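*Asks:* Numbered per mature numbering (1 follows the signal peptide of the UniProt record, and there is no 0), the sequence shown spans residues -19 to -1, 1 to 132.
None of these hints come from the bench; they were simulated from the model.
Honestly, I wouldn't trust all of these hints.
[Claimed, not checked] 35 Å max Cα-Cα, derived DSBU-like pairs, lysine-lysine:
| no. | residue 1 | residue 2 |
| --- | --- | --- |
| 1 | LYS112 | LYS5 |
| 2 | LYS7 | LYS112 |
| 3 | LYS41 | LYS7 |
| 4 | LYS34 | LYS111 |
| 5 | LYS108 | LYS55 |
| 6 | LYS9 | LYS34 |
| 7 | LYS34 | LYS112 |
| 8 | LYS9 | LYS111 |
| 9 | LYS9 | LYS107 |
| 10 | LYS116 | LYS34 |
| 11 | LYS7 | LYS108 |
| 12 | LYS13 | LYS111 |
| 13 | LYS107 | LYS41 |
| 14 | LYS43 | LYS111 |
| 15 | LYS5 | LYS108 |
| 16 | LYS5 | LYS43 |
| 17 | LYS43 | LYS112 |
| 18 | LYS13 | LYS107 |
| 19 | LYS108 | LYS43 |
| 20 | LYS7 | LYS107 |
| 21 | LYS9 | LYS108 |
| 22 | LYS112 | LYS13 |
| 23 | LYS41 | LYS111 |
| 24 | LYS108 | LYS34 |
| 25 | LYS9 | LYS116 |
| 26 | LYS107 | LYS5 |
| 27 | LYS43 | LYS7 |
| 28 | LYS5 | LYS55 |
| 29 | LYS122 | LYS41 |
| 30 | LYS108 | LYS13 |
| 31 | LYS34 | LYS5 |
| 32 | LYS41 | LYS116 |
| 33 | LYS41 | LYS108 |
[Stated by the list, open to error] Across the chosen pairs, the derived CB separations fall in these ranges:
| no. | residue 1 | residue 2 | range |
| --- | --- | --- | --- |
| 34 | GLU114 | VAL92 | 29 to 35 Å |
| 35 | LEU(-7) | LEU57 | 55 to 61 Å |
| 36 | GLU12 | LEU120 | 16 to 22 Å |
Note that this is a predicted model, so its numbers are computed, not measured.
Just so you know, even glycine gets a beta-carbon here, dropped at the ideal spot from N, CA and C.
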Amino acid sequence: MKIFLTLVLTLGLFFTSLAQNKAKYKIKIVEKNGNVSRGNFYAAADDGLTIIKTSHDTLKLKAEDITAIYISRKGLIGPMMLVGGIAFVALSATSNNALESVVALVVGIPVGMSGGFLIGQLISNKKYYKKLEAKDFPLIKSNLQRYTQIK
């Protein structure tokens, strides 16, 4: 039991230190021609958006070409899934019966990870803008800058 208490305290300190970092946001941009661009949200301006794609290329999109923006927080679902799985590992370790312990591991870990995924999806803050036009960008720029990596 001491090892699980140590593990829980260590994970608690780890997640506390993670909470101190500035959140990064993923962005999905739908253009008028149907192209979809995904990446990390870098900067917002009056004339468009700048994103960093997964291949580390910087992409600047013009406001006239964008029809929809979907923003979600990056790095929240994985830790929640980890906590859900670890909860059932700790539950199986407290069981005195070996069969109950194995059942708790085999059935509980996928259930815990699924529950963590669901909770992570529910509490992650998501923002979306649909049917955008170029004249809307100066109005929503201040709101979009809350989600960017640079201010």
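*Asks:* Now tell me if each hint is right for this structure.
*Replies:* Verification of the hints:
1. LYS112 - LYS5: holds, 25 Å
2. LYS7 - LYS112: Cα-Cα ~20 Å, so holds.
3. LYS41 - LYS7: holds, 15 Å
4. LYS34 - LYS111: OK: LYS34 and LYS111 at ~21 Å, within 35 Å.
5. LYS108 - LYS55: Cα-Cα ~13 Å, so holds.
6. LYS9 - LYS34: Roughly 10 Å between the alpha carbons, so the hint for LYS9 and LYS34 holds.
7. LYS34 - LYS112: Holds - the C-alpha atoms of LYS112 and LYS34 are around 23 Å apart, at most 35 Å.
8. LYS9 - LYS111: holds, 12 Å
9. LYS9 - LYS107: Holds, at roughly 11 Å.
10. LYS116 - LYS34: Holds, because 25 Å separates the two Cα atoms, which is no more than 35 Å.
11. LYS7 - LYS108: holds, 11 Å
12. LYS13 - LYS111: holds, 12 Å
13. LYS107 - LYS41: holds, 22 Å
14. LYS43 - LYS111: holds, 16 Å
15. LYS5 - LYS108: Holds, at about 13 Å.
16. LYS5 - LYS43: holds, 22 Å
17. LYS43 - LYS112: holds, 15 Å
18. LYS13 - LYS107: holds, 22 Å
19. LYS108 - LYS43: At roughly 20 Å apart (the allowed maximum being 35 Å), LYS43 and LYS108 satisfy the hint.
20. LYS7 - LYS107: holds, 10 Å
21. LYS9 - LYS108: Within the cut-off at roughly 11 Å; holds.
22. LYS112 - LYS13: Roughly 10 Å separates the two Cα atoms, so the pair holds.
23. LYS41 - LYS111: holds, 19 Å
24. LYS108 - LYS34: It holds: about 19 Å lies between the C-alpha atoms, which stays within 35 Å.
25. LYS9 - LYS116: holds, 20 Å
26. LYS107 - LYS5: Given pair LYS107, LYS5 holds - Cα atoms ~12 Å apart, limit 35 Å.
27. LYS43 - LYS7: With a Cα-Cα distance of about 18 Å, the restraint between LYS43 and LYS7 holds, given a limit of 35 Å.
28. LYS5 - LYS55: Holds, because 6 Å separates the two Cα atoms, which is no more than 35 Å.
29. LYS122 - LYS41: holds, 15 Å
30. LYS108 - LYS13: holds, 20 Å
31. LYS34 - LYS5: holds, 13 Å
32. LYS41 - LYS116: holds, 18 Å
33. LYS41 - LYS108: holds, 20 Å
34. GLU114 - VAL92: 29 to 35 Å: violated, 45 Å
35. LEU(-7) - LEU57: 55 to 61 Å: The hint (55 to 61 Å, Cβ to Cβ) is violated, given that LEU(-7) and LEU57 are roughly 18 Å apart.
36. GLU12 - LEU120: 16 to 22 Å: holds, 20 Å
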